[in-house]
Amino acid sequence: MSSPPVLRIERLRKTYGDRTVLRDLDLTVEAHDVVCLIGASGSGKSTLLRCIDLLEPTQDGTIWFEGQDVSDPRVDARAVRKRIGVVFQAYNLFPHLTVLDNVMLAPRKVHGLSADQARARATELLEQFGLADKADAHPDRLSGGQQQRAAVVRALATSPSLLLLDEVTAALDPLLVGEVLEILRRLAEQGTTMVLATHEMGFARDVATKVCFLDDGCVLEEGSPAAMFSAPREQRTRQFLRRIL
Amino acid sequence: MADWRPSEAQQQRLVVARRMHRRSSLLASASAVVFFAVVALALVSSPGWPTVRATFFDWSQAVEAWPDVVEGFWVNVRLFLLAEPLILLLGLAVAAVRVSRSPVLVPLRMIAIGYTDLFRGLPTILVVFLVCFGVPALQLQGVTTSLFWLALVALVLSYGAYVAEVFRAGIESVHPSQVASATALGLSNAQTLRHVVVPQAVRRVLPPLLNDFISLQKDTALVATVGLLDALGTASDAANYSFNFTPYLVAAALFVALTVPLARLTDWLGRRAMQRERAGVP
Ligand SMILES: Nc1ncnc2c1ncn2[C@@H]1O[C@H](COP(=O)(O)OP(=O)(O)O)[C@@H](O)[C@H]1O
Ligand SMILES: [Mg+2]
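Which chain is which? The protein sequence lines are A and B, in order.
The letter at position 66 of the first sequence is residue 93 when you use the working numbering, and the numbering goes up by one with no holes.
The letter at position 219 of the second sequence is residue 220 when you use the working numbering, and the numbering goes up by one with no holes.
Rather than coming from a laboratory, the hints here were simulated on the basis of the structure.
In this text the structure is predicted, and so the values were computed from the model without any measurement.
Everything hinted at is true.
Ranges between beta-carbon positions, derived for each pair: (1) A:S186 to B:R121: 45 to 55 Å; (2) A:D96 to B:N190: 19 to 29 Å; (3) B:E166 to A:S251: 55 to 65 Å; (4) B:N190 to A:P201: 36 to 46 Å; (5) A:E154 to B:L83: 46 to 56 Å; (6) A:A164 to B:H22: 36 to 46 Å; (7) A:H226 to B:R195: 34 to 44 Å; (8) B:S8 to A:L272: 49 to 59 Å; (9) B:H22 to A:H226: 45 to 55 Å; (10) B:A191 to A:S251: 38 to 48 Å; (11) A:D96 to B:R195: 26 to 36 Å; (12) A:H226 to B:R102: 31 to 41 Å; (13) B:R195 to A:P201: 37 to 47 Å; (14) A:S141 to B:A191: 14 to 24 Å.
When the alpha-carbon atoms are kept at most 25 Å apart in a straight line, the in silico SDA-like pairs for lysine to any residue are as follows: (15) A:K136 to B:S189; (16) A:K109 to A:D99; (17) A:K136 to B:S178; (18) A:K136 to B:S101; (19) B:K219 to B:A240; (20) A:K109 to B:Q179; (21) A:K136 to B:E173; (22) A:K161 to B:H196.
Where is the CB? At the ideal position from N, CA and C, for every residue including glycine.
For reference, chain A alone in the conformation it holds in the complex (with noise of 0.2 Å):
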């Protein structure tokens, strides 16, 4: 192991205004993970991912992405976003463009790829998660599943280092949601590194390498999914593990 870890988060603390949502928050991610946030709703799963991508202020602690501490004011969060996908749970794509061009806008216009090199990774990715046919429709014409696996398509597109997911099955009809997870799953087997915030636990048992579980702000426990599932070690994790299976 000499490569430092794609993500390293140590005591990260997250306020809005007086109400802390993250304290003393420590998360590694080795290149490879798939890394599962599980927790009862309102823990601090969505506001770690967005922190995680710079997308909200922090309070304190810092987050190493690839190396490079993050939380530094003097970095320039655009190149980091840059290597960051993220999906979130719904409204993720541009309703007035096309499939093909939601895909193509972020290697074209913030990666600097010709319209050309841009349309040709775009085709490919979307025929390689069998959405090759929907390339020139508009998001409204797609079905939730399809939208979905659009915006992680999209995601991919600029072929980042690491795929942030919050909740990405959570909007959809249960019938869509094996259609998503089939994909991520196939993502996992390439390498992909990933954080995803989920509440599909048969997905974290059968793919996460690591599973947290998030309570009021902090990770209460991790661990292997074989450990987290049959024997946690909290009273708080059991808990919520015995409401939620």
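Keeping the supplied structure of chain A fixed, place chain B with the ligands upon it in accordance with the hints.
Structure of chain B with the ligands alone, referenced to chain A:
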């Protein structure tokens, strides 16, 4: 499905439905004819009608005034066609400055706020007066004294403030997660505005914008108050000359003829936008 035939019952229903439809259209036509006939009769049989007809509906006066009023109306059309794109540009620029968070743009933002506050408060006719009479009085070197161009500037200034607020409302109605998605992709604030927010905002505010343009079309007649010979100006000249008001009616007809198609277009776009909104909910 190719060999589907409407059932016996369905065929019966269709016959009944067709009969009911025929009856209701007949009723609608009949009631319209009766209504307008009564109105026309009331008008024509009113005691003042002969005088009104002579002063407002004098065909020979209409024919005589027509060439001048049409030529004057061309001024309105030109004002409208030139002002419209300028207003759009100004409005969009002002709205973009107002929503930007860049520290460099702070002075511009203050100017933009002052501008919208001032010009939304001022009656358009006052702006026309102030610009058309005030600017030439300053005797500035190199600034036009042509009433046409000054009037154009006045209309653009007055309507730009309205349109800027319409755009701003549209920009602020775009879902915040769209901005978050764009930011997460690494787009700068300006790129987010340009590629994500403004295109969605424009689609959304197109119907209200067109509504503002219908009212601009009418307000081009305000230039007559500073002596520009537009449709109203020429009509008023002709009316003063002949003591007959028919030329005003000619001008009115021309304005209406231009406004009605735009109004229909606005309705259509509004309906389409609404359907899109409903279909677009994920
Ligand atoms: N913009 C905000 N302003 C104030 N409080 C917020 C904001 N965003 C999130 N919170 C609060 O932070 C806590 C954690 O929220 P969140 O990260 O969304 O949790 P989770 O994703 O685990 O459900 C919640 O109590 C929520 O109310
Ligand atoms: Mg959340």
